[in-house]
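J.: Make the full structure from the sequences, and use the hints.
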Amino acid sequence: MSTETNSINSSEGGIRYLILPIMGHKKMRVNRRERFDQETIEILSNYTLPQILFKQAKALGTKQIAIREKMYGIWQTYTWQDYFQYTKQVALGLYSLGLKRGENIGIITDNHPEWLFSEMGAQAIGAVTVNLFTSSVAKELMVMLNRIQATYVIAQDQEQVDKLLEMKDQLSHVRKVIYIDPTGMRTYGHHPWLMNFKDLLMLGESLDKERPDLFEEELWKGKPEEVALMIMTSGTTGIPKLAMISHRSFTEIARKWVETAPIGIGDNWISITPTAWIVDQMWGMGVSPLTGMSMNFPETPETVMDDFREIGPAIIITSSRFWEDLASKIRVKIADSGWIKRKIFSLGEWIGGKVVDRESKKEPIPFYLRVLHWIASKLVYRPLLDRVGCAQIRAAVTGGHPISPDVIRFFRAKGLNLKHAYGLTEGGGVFQVQPDGEVKPETVGKPLPRTEVKIAEDQEVLVKTPSCFVGYYQDPEATQKTLRDGWLHTWYSGYIDEDGHL
Amino acid sequence: MKAFRGQPSIYASTQPEKRQAELEVRKISLNFGGVMALHDVDLKVHTGELVSIIGPNGAGKTSLLNCITGYYHPQEGQILFNGEEITGLHPHEVTQKGIGRTFQNIELFPRMTVLANMLLARHLYCNYGLGKATLFFPSVRKEEERHRRVLEELIDFLEMQPIRKKLVGALPYGLRKRVELGRALALEPKLLVLDEPFAGMTLEEKEDMVRFLVELNSAWGQTTILVEHDMSVVMSISQRIMVLNFGEKIAEGPPEVIQNHPEVIKAYLGEATKV
Numbered sequence: 001m002s003t004e005t006n007s008i009n010s011s012e013g014g015i016r017y018l019i020l021p022i023m024g025h026k027k028m029r030v031n032r033r034e035r036f037d038q039e040t041i042e043i044l045s046n047y048t049l050p051q052i053l054f055k056q057a058k059a060l061g062t063k064q065i066a067i068r069e070k071m072y073g074i075w076q077t078y079t080w081q082d083y084f085q086y087t088k089q090v091a092l093g094l095y096s097l098g099l100k101r102g103e104n105i106g107i108i109t110d111n112h113p114e115w116l117f118s119e120m121g122a123q124a125i126g127a128v129t130v131n132l133f134t135s136s137v138a139k140e141l142m143v144m145l146n147r148i149q150a151t152y153v154i155a156q157d158q159e160q161v162d163k164l165l166e167m168k169d170q171l172s173h174v175r176k177v178i179y180i181d182p183t184g185m186r187t188y189g190h191h192p193w194l195m196n197f198k199d200l201l202m203l204g205e206s207l208d209k210e211r212p213d214l215f216e217e218e219l220w221k222g223k224p225e226e227v228a229l230m231i232m233t234s235g236t237t238g239i240p241k242l243a244m245i246s247h248r249s250f251t252e253i254a255r256k257w258v259e260t261a262p263i264g265i266g267d268n269w270i271s272i273t274p275t276a277w278i279v280d281q282m283w284g285m286g287v288s289p290l291t292g293m294s295m296n297f298p299e300t301p302e303t304v305m306d307d308f309r310e311i312g313p314a315i316i317i318t319s320s321r322f323w324e325d326l327a328s329k330i331r332v333k334i335a336d337s338g339w340i341k342r343k344i345f346s347l348g349e350w351i352g353g354k355v356v357d358r359e360s361k362k363e364p365i366p367f368y369l370r371v372l373h374w375i376a377s378k379l380v381y382r383p384l385l386d387r388v389g390c391a392q393i394r395a396a397v398t399g400g401h402p403i404s405p406d407v408i409r410f411f412r413a414k415g416l417n418l419k420h421a422y423g424l425t426e427g428g429g430v431f432q433v434q435p436d437g438e439v440k441p442e443t444v445g446k447p448l449p450r451t452e453v454k455i456a457e458d459q460e461v462l463v464k465t466p467s468c469f470v471g472y473y474q475d476p477e478a479t480q481k482t483l484r485d486g487w488l489h490t491w492y493s494g495y496i497d498e499d500g501h502l
Numbered sequence: 001m002k003a004f005r006g007q008p009s010i011y012a013s014t015q016p017e018k019r020q021a022e023l024e025v026r027k028i029s030l031n032f033g034g035v036m037a038l039h040d041v042d043l044k045v046h047t048g049e050l051v052s053i054i055g056p057n058g059a060g061k062t063s064l065l066n067c068i069t070g071y072y073h074p075q076e077g078q079i080l081f082n083g084e085e086i087t088g089l090h091p092h093e094v095t096q097k098g099i100g101r102t103f104q105n106i107e108l109f110p111r112m113t114v115l116a117n118m119l120l121a122r123h124l125y126c127n128y129g130l131g132k133a134t135l136f137f138p139s140v141r142k143e144e145e146r147h148r149r150v151l152e153e154l155i156d157f158l159e160m161q162p163i164r165k166k167l168v169g170a171l172p173y174g175l176r177k178r179v180e181l182g183r184a185l186a187l188e189p190k191l192l193v194l195d196e197p198f199a200g201m202t203l204e205e206k207e208d209m210v211r212f213l214v215e216l217n218s219a220w221g222q223t224t225i226l227v228e229h230d231m232s233v234v235m236s237i238s239q240r241i242m243v244l245n246f247g248e249k250i251a252e253g254p255p256e257v258i259q260n261h262p263e264v265i266k267a268y269l270g271e272a273t274k275v
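Protein sequence lines, in the order shown, are assigned to chains A and B. My numbering puts the first sequence at residues 1 to 502. My numbering puts the second sequence at residues 1 to 275.
Simulated from the structure, these hints should not be mistaken for laboratory data. Among the hints, erroneous ones may be present.
As the list claims (entries may be wrong) - With a Cα cut of at most 25 Å, we get these calculated DSS-like pairs of lysine-lysine: (1) LYS70/A with LYS166/B; (2) LYS354/A with LYS333/A; (3) LYS266/B with LYS333/A; (4) LYS70/A with LYS165/B; (5) LYS44/B with LYS18/B; (6) LYS142/B with LYS70/A.
T.: So this is what it looks like as structure tokens:
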């Protein structure tokens with residue numbers, strides 16, 4: 001996809017675009033990407049997330065694609081203007097239903113555009129959103145919704161609605177359940193508790209016609225320090241805690257990513273982790289609106305591998321299991337292939353391994369090895385990465401459980417920029433990434449900009465970052481334990497090596 | 001957006017008169033040599049109904065379907081569809097009249113993809129000739145896009161996205177049945193004839209299939225004839241049931257009546273399954 005190279009001056013806030021050819025990554029096929037400059041991003045980060053969307057819709061309008069969703073076998077696109085319109089309709093729809101500033105709403109959706117519209121929409125009128133797992137059983141949903149006293153719930157489909165109906169007696173605080181996918185819902189008739197997402201959009205549209213200034217009035221009441229959303233974290237106590245995250249936490253984390261990773265307008269992110277997790281929250285709500293990256297939603301959970309390849313994301317953050325699975329799949333396929341292919345592959349492995357070893361030891365790479373590596377990359381690495389949809393990846397980040405250094409080495413030997421990262425929901429997401437060029441398999445890298453990490457006397461990792469969370473919801477005691485004097489106590493122990501890697 | 005998932009366009013856009021399916025089977029008899037497969041069988045199906053035909057093995061259920069869809073030609077009697085006689089027509093002519101079917105033993109092309117198999121059913125709606133197709137005229141392209149859209153809507157409805165490009169031969173049995181249903185639906189049939197769509201399916205696959213059939217019938221008014229052995233399915237979804245035994249109709253009526261019909265219990269259901 002080519003992007004326009006003219007710089008655009010928007011009327012508001014003087015947003016400027018800087019055209020930066022992406023350098024340092026010789027394997028990039030796309031030569032030019034528009035990127036926001038630091039200043040613009042810094043200005044943007046003084047707004048709430050929906051306000052940023054508002055500004056981006058003005059700046060990027062209908063020229064750039066904000067969201068893609070595969071449906072009916074084709075990637076359906078939504079421009080920034082579409083994104084904003086739907087968000088506005090959801091916001092006004094919820095407003096006319098009676099959602100008040102400061103109330104909490106529950107969102108139980110899969111990875112589809114409606115998730116973003118709902119979350120942005122609710123936040124635009126000052127509500128706090130909590131994403132729940134679609135895989136939760138009815139009781140879990142009930143407990144969590146009770147805890148936040150959700151006034152409205154947006155549910156994906158019949159399956160989720162059934163769970164809520166089962167628990168209806170205990171959910172007296174929920175005024176309405178809005179379901180997205182109407183399939184199979186015909187028999188539910190006109191249940192007064194339920195509402196179609198389409199009707200919500202229509203409700204918003206008609207209110208917009210009646211009171212055209214209302215949305216912006218509500219939108220600009222938002223302050224970046226306010227809590228935007230809450231994310232469930234697995235506490236050591238077993239019952240998940242709710243980490244309150246402000247608009248600023250997310251804009252901060254997005255800024256850090258822009259400063260460290262080469263991402264720009266129109267770059268692709270594929271949304272495959274549950275929306276209740278920090279990773280997709282951070283990207284969909286934070287990084288994407290701030291940087292103009294496109295969010296891509298696969299067709300169904302079963303088609304993810306194909307959709308992944310079609311999109312070819314620019315950056316990806318997944319659990320270590322994803323890479324381990326992929327590595328073993330590749331090995332199995334190679335083992336099944338013919339003799340010649342196997343030989344070429346093992347030769348490629350050997351060359352790649354040598355290069356990676358030397359790189360991590362910071363030794364110079366001899367000329368003959370460079371030539372061989374170049375040949376191998378044409379012959380083995382590029383076709384292989386293309387097959388698995390990783391050819392466009394500029395940064396592949398793995399987090400969660402420790403990944404085996406073998407797997408990292410396997411992919412790095414193929415020229416994939418796979419690295420370790422570390423973060424906490426409470427820290428606003430990932431804050432520790434291995435920088436390009438100094439990846440050490442056994443560490444989780446260096447802190448992102450404006451993040452301080454130190455080791456306490458008892459080896460505990462302490463973090464100080466502006467993207468830090470506000471506190472735990474209705475749990476001052478736990479907040480007190482975790483946040484002391486501005487330092488976030490992670491409960492993990494670690495050490496920092498001589499190069500500053502954690 | 002999933003919120004805009006709705007009716008496939010072949011259902012949403014058609015006029016009620018185009019969905020009209022009045023089938024009348026008048027006293028048909030079918031003999032194979034000396035074996036009497038059907039004897040004086042009457043059946044009426046009205047627009048929007050879901051009618052099931054049940055009976056023990058060899059009762060003539062599939063024979064009756066084959067008569068309706070033109071595979072067999074009954075020696076006596078008449079079959080009328082929307083007032084037109086279709087008794088002696090060939091299967092492809094019957095298909096053109098608007099009757100689509102699936103088979104007991106799946107009749108798909110195993111070495112073709114799911115999409116290709118379903119596209120075959122769209123031949124009825126192809127308006128271009130060989131010449132235009134060879135040169136791939138813009139009009140051909142447009143038409144192909146429309147066909148693909150129809151299929152994609154059906155694929156979405158039948159939840160077959162992950163398998164659309166797979167070879168049918170590589171699919172498990174339950175999914176092949178679903179593909180066959182998809183192909184029959186791609187014909188945009190006025191009357192859908194299903195021959196044991198649940199046979200050999202796992203419980204989960206059956207549940208999915210029931211969901212599809214109920215949605216098809218109740219929401220989109222698809223007139224359906226169903227031959228099935230799974231009584232729990234038949235009793236729960238059909239509006240009317242006809243019971244065949246040794247080529248003769250022994251009972252007809254709504255599920256509650258059939259369940260308590262003494263002759264049906266004797267011939268087919270058995271005492272133990274009496275509810």
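J.: Return the numbers of the hints above that this structure violates; sort them in rising order.
T.: 3
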